[in-house]
Amino acid sequence: MMWVIRAGQNSGFYDKYLRTSRVYIPWDGYKFDLSSIKERADFRAVVEKEKKMDNRTSVSNWAGQLFTFTQEIQTGDYVLIPSKGSRNYCLAKITGAYSFDEKEPDKLYHSRPIDILLKDIPRDIFSQSVIYSLGAFRTIFRAKHEDEIMNTIKKWKEAHR
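Numbering-wise (the working numbering), the sequence shown opens with residue 1 and increments by one.
Derived from the structure by calculation, the hints contain no laboratory data. In this text, a Cβ means the ideal position worked out from N, Cα and C, and glycines have one as well. One or more hints might be untrue.
Unchecked claim - Below, a list of computed lysine to any residue pairs in the SDA-like style, where the Cα atoms sit at most 25 Å apart: (1) LYS31 - SER127; (2) LYS155 - SER111; (3) LYS49 - ASP77; (4) LYS84 - LYS144; (5) LYS144 - LYS31.
To be verified - Across the chosen pairs, the derived CB separations fall in these ranges: (6) ALA41 - ILE116: 34 to 40 Å; (7) MET150 - SER58: 30 to 36 Å; (8) ILE116 - ARG56: 33 to 39 Å; (9) GLU39 - LYS154: 23 to 29 Å; (10) ASP42 - LYS107: 18 to 24 Å.
Input sequences plus hints: build the corresponding full structure.
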């Protein structure tokens, strides 16, 4: 599978993701280990408590992303990380399980290790439908058109050797 994981507002943590070979949940709060939470409904309760909100749509959206990051993403999955302005992407592969670090200096408590495969993949190599799909508003989501994305990246890489 392929996922998109954004590096915070305005891709502010993009360089850190690459430097540390980790992807993070770049949100404030949630300063506790999420590994024992296994059900979506339980993530909803966590979001309601943490964000002090009961808007069903917002709670479901946040809870779904937490569930995806901690439970659905698997070792071996691919990740596209958009750079500032989403003009370029980094392609990485998940190399390990979710972990929690309460002493993380940037308060990025939740992370997963990655292997950086390719950097500076230009956005304009992709079809318009792929570009639109990668522009989703969420921070963490499954990429659509996975085969097309991988084939396009492979062709681009071969042309730029």
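Consistency of the hints with the structure:
1. The hinted pair formed by LYS31 and SER127 fails the criterion: a straight-line CA distance of about 39 Å is larger than 25 Å.
2. Proximity of LYS155 to SER111 is assessed by CA-CA distance (about 31 Å); at most 25 Å being required, the pair is judged violated.
3. A threshold of 25 Å between alpha carbons decides the hint, and for LYS49 with ASP77 the separation of about 31 Å lies outside it, so the pair is violated.
4. The suggested pairing of LYS84 with LYS144 holds, with an alpha-carbon distance near 21 Å, which does not exceed 25 Å.
5. About 31 Å separates the Cα atoms of LYS144 and LYS31, which puts this hinted pair outside 25 Å; it is violated.
6. Checked against the hint of 34 to 40 Å, the C-beta distance between ALA41 and ILE116 comes to roughly 35 Å, which is consistent with it.
7. Look at MET150 against SER58: about 32 Å separates their beta carbons, and that is inside 30 to 36 Å.
8. The hinted window of 33 to 39 Å between ILE116 and ARG56 holds, with their beta carbons roughly 37 Å apart.
9. In this structure the hint that GLU39 and LYS154 lie 23 to 29 Å apart at CB is violated, the actual value being about 37 Å.
10. For ASP42 and LYS107, the Cβ-Cβ distance of about 23 Å falls inside the hinted range of 18 to 24 Å, so the restraint holds.
Going down the numbered hints, you'll see the structure goes against 1, 2, 3, 5 and 9, while the others check out.
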